[in-house]
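Novice: Residue numbers (our numbering), protein chains in the order written: chain A, 44 to 479; chain B, 4 to 265.
Hints in this document: simulated from the structure, not taken from any laboratory.
Bear in mind that the values here come from a model prediction, so they are computed numbers and not experimental data.
We put the beta carbon where it would ideally sit given N, CA and C, even for glycine.
A few of these clues could be false.
What the hints assert, rightly or not - Quick list of simulated restraints, FRET-style, between CB atoms:
hint	chain 1	residue 1	chain 2	residue 2	range
1	A	E405	B	V49	42 to 48 Å
2	A	E186	B	E87	35 to 41 Å
3	A	L295	B	R122	28 to 34 Å
4	A	R161	B	R122	43 to 49 Å
5	A	L308	B	V49	17 to 23 Å
6	B	P196	A	R329	53 to 59 Å
Stated by the list, open to error - Once the Cα atoms are required to be at most 25 Å apart in a straight line, the calculated DSS-like pairs of lysine-lysine come out as:
hint	chain 1	residue 1	chain 2	residue 2
7	B	K38	B	K89
8	B	K89	A	K183
9	B	K38	A	K183
10	B	K89	B	K24
11	B	K50	B	K38
12	A	K314	A	K303
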Amino acid sequence: MEAVKEALQEGRPVAYFPYGEGALLLVERRRSLEAFSLGQGRRLPSLAGEFPSLDWFERTLWERGLELVGHPGLRPLRRHDLPYAFREFPHLHEVPVGPVHAGIIEPGHFRFSVLGERILNLEIRLGYQHRGLLRIMLGKGPEAALLLAERAGGEPVAHALAFAEACERALGIEAPPRAQYLRRAALELERAFGHLGHLAGLFTDIGYAYGATQVGRIRALLQGEVDRLTGHRYGRNFIRVGGVWREGGPDLEALSRYQKELDWLLPRLLKHPQVLDRMRYVGVVRRVEALALGFVGPTARASGVERDLRQDDALYPAFVPAVRQGGDVLSRAQVYAEEALQALEYAQRFLRQRAEGPLAVEAEAGDGEGMARVEAGRGEVFWFVRLEEGRVAQAEGVDPSFKNWRALELAVRGEGLPDFPLCNKSFDLSYAGNDL
Amino acid sequence: MSLLRTLRIGVLARALEEILKVPSHAFGYPLLQPKGLSQKAREGLVKVCPSGAFVEEEGIFSLDLARCVGCGRCALAYPEAVGEMKTLEVAVVRREDLVQRVDLAAQAFLDPGPPPPPRPELRLPTLAFREVSAGDTGLSDSEIALLGNPFNDMGRFGFQVVASPRHADALLVTGPVSRNMAEALERTYQAMPEPKGVVAVGNEAIAGGVFAESQEVWAGVDKVVPVDVYVPGDPPRPGAILHGLLLLTGRVVQRLVGGVVR
Ligand code: SF4
């Protein structure tokens with residue numbers, strides 16, 4: 044137990060799921076992964092009181108029938124058939140929002156406790172997108188299960204890649220070099236596409252129509268290149284266990300043109316007085332909070348946490364993550380902008396570097412366990428899979444949004460109610476990814 | 004000519020014919036070739052399709068477009084048995100019209116007869132709609148949002164998104180309808196004034212898609228509220244969704260009958 048605590052003190056949980064007799068906790072510390080087996084039978088000691096980054100993980104374990112001894116406040120996260128009590132704040136006014144929202148967006152419920160216009164507390168209740176995805180993967184072959192992994196969160200390429208790599212490790216195979224490059228090219232295009240979407244959304248939310256239209260235009264054109272590379276507007280049906288299915292022909296010249304245009308455009312947009320006025324010092328997440336709650340991806344990097352899984356990927360030599368210190372909406376926008384440009388650069392490089400050779404190796408049905416992590420646009424995607432006779436016997440996925448949702452609760456604390464949509468957009472989290 | 008076009012639809016927006024086309028590099032919707040469906044091809048198709056879109060039963064071989072994830076593997080492996088429909092005019096009023104059924108003995112498609120017309124009370128020049136995401140991964144939602152961008156500009160067809168169901172003529176629903184969203188969907192529908200239409204956007208909304216077997220979903224919007232128009236796709240491209248909206252308002256005719264463009 045002391046070793047677990049020490050690891051959690053310095054690191055952050057990556058995944059925590061039922062395994063064998065008890066549960067398996069994976070912690071990242073100093074850029075390496077440490078695994079801990081916890082509990083005997085169905086009883087686990089709760090660590091959430093001391094390490095709040097484990098809270099939501101423990102809630103999902105409890106929902107799945109494990110007993111969390113000593114947890115400070117167990118409430119369901121995904122299941123709506125169990126009772127759920129909102130925290131009460133006497134004398135404060137409550138504003139409920141959702142699950143159906145005013146715009147076109149996934150469902151979730153937000154409960155604000157406000158004093159006048161000021162948000163003193165936000166409680167997020169999710170689970171509306173729960174589709175039992177992990178459960179229906181069981182018994183399927185890797186290929187059919189991959190279809191589900193592609194639908195786990197808002198980023199199909201990253202999920203497919205992590206799931207495919209987990210299966211490949213379980214089967215002891217490796218995708219050929221050409222596929223490796225093509226997969227990363229698709230991943231980077233997905234990142235650029237997503238980040239530009241976050242930026243366009245932020246500009247829309249502050250009423251900066253010029254910024255929204257310009258970024259939206261380039262984003263729509265970029266989607267055409269994702270489509271050309273993968274055959275799908277969002278990159279589904281491209282990655283397979285053992286490699287990729289096809290090799291499309293994106294237009295390299297167009298990619299470099301978009302990159303140049305954005306290179307000129309984004310810094311100027313982000314310095315516009317209207318942007319500075321509405322985004323600076325708003326929705327702050329401090330570095331200590333990001334570390335204590337184990338945030339990942341641009342959310343963490345905008346709060347000064349210098350971590351990006353691409354640092355460990357041999358295909359990205361000497362990778363330098365985009366980091367900002369402010370922790371506010373503006374810092375997140377700056378990280379998105381820098382990463383979008385970086386992603387376009389890498390995508391072109393990978394497409395130019397792709398080697399000759401086969402697109403995939405055939406996977407034989409087999410037994411084994413494997414796990415993999417991929418840096419998606421929103422942060423770390425994790426998949427674990429156990430195959431028995433070529434069928435999925437256990438699958439566990441963690442979407443970055445699952446780790447980051449509570450950043451929103453922190454960011455809006457003390458802000459005016461009308462700033463909520465802006466703060467929400469600055470994280471742009473996946474609801475489905477949380478609700479697996 | 005191009006100046007005239009620009010004046011009519013704007014600098015970025017594309018003409019309707021163009022929006023309704025599948026781009027040349029992309030795979031459209033699969034189309035069975037009745038004459039090429041040999042025993043070997045049929046067995047192969049059932050095996051090659053990752054989403055179980057092909058079914059053989061009592062001398063009838065069928066392809067459900069609402070199960071297809073659009074990977075194109077069937078057409079690649081058995082070109083004599085599966086072709087391609089390069090159109091986004093795929094929205095239908097009747098669920099059966101998304102299923103291609105081939106009578107193997109006659110080597111011909113079964114014709115389910117003419118589809119019913121869209122409801123006349125929804126023949127509106129403009130349409131305000133509300134969107135409910137009910138278990139969708141966010142991509143169908145994203146495609147609906149992109150329908151409003153400067154390239155597609157649905158506003159010029161009289162379509163707009165409104166924030167409240169009280170102001171809506173129609174409901175667009177995405178996702179297989181998770182158990183946890185069913186009540187919210189139903190209540191949103193109840194809150195709309197009459198006449199009201201419902202469009203199921205995407206395969207998951209039509210019949211659950213890859214989530215069909217899950218106990219946590221209803222596997223289809225029509226299990227919870229009545230549906231007027233079904234738009235297949237995974238997710239459907241913005242053009243296909245636009246076609247669905249135009250079909251709902253009776254401004255285009257349904258092209259797919261028995262899963263085949265007629
Ligand atoms: S294109 Fe559709 S029908 Fe053909 S194999 Fe792929 S999912 Fe199945």
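Novice: Run every hint past the structure and note whether it holds.
Specialist: Quick rundown of the hints versus the structure:
1. E405(A) - V49(B): 42 to 48 Å: Given range 42 to 48 Å: violated, Cβ gap about 20 Å.
2. E186(A) - E87(B): 35 to 41 Å: Since E186(A) and E87(B) have Cβ atoms about 22 Å apart, the given range 35 to 41 Å is violated.
3. L295(A) - R122(B): 28 to 34 Å: violated, 49 Å
4. R161(A) - R122(B): 43 to 49 Å: holds, 48 Å
5. L308(A) - V49(B): 17 to 23 Å: Violated - the Cβ-Cβ distance for L308(A) and V49(B), about 50 Å, lies outside 17 to 23 Å.
6. P196(B) - R329(A): 53 to 59 Å: 47 Å Cβ-Cβ, so the 53 to 59 Å window is violated.
7. K38(B) - K89(B): It holds: about 20 Å lies between the C-alpha atoms, which stays within 25 Å.
8. K89(B) - K183(A): Roughly 31 Å separates the two Cα atoms, so the pair is violated.
9. K38(B) - K183(A): violated, 32 Å
10. K89(B) - K24(B): holds, 7 Å
11. K50(B) - K38(B): Measuring from Cα to Cα gives roughly 20 Å; hence the hint holds.
12. K314(A) - K303(A): holds, 18 Å
In summary, the structure is inconsistent with hints 1, 2, 3, 5, 6, 8, 9 from the numbered list given earlier, while agreeing with the others.
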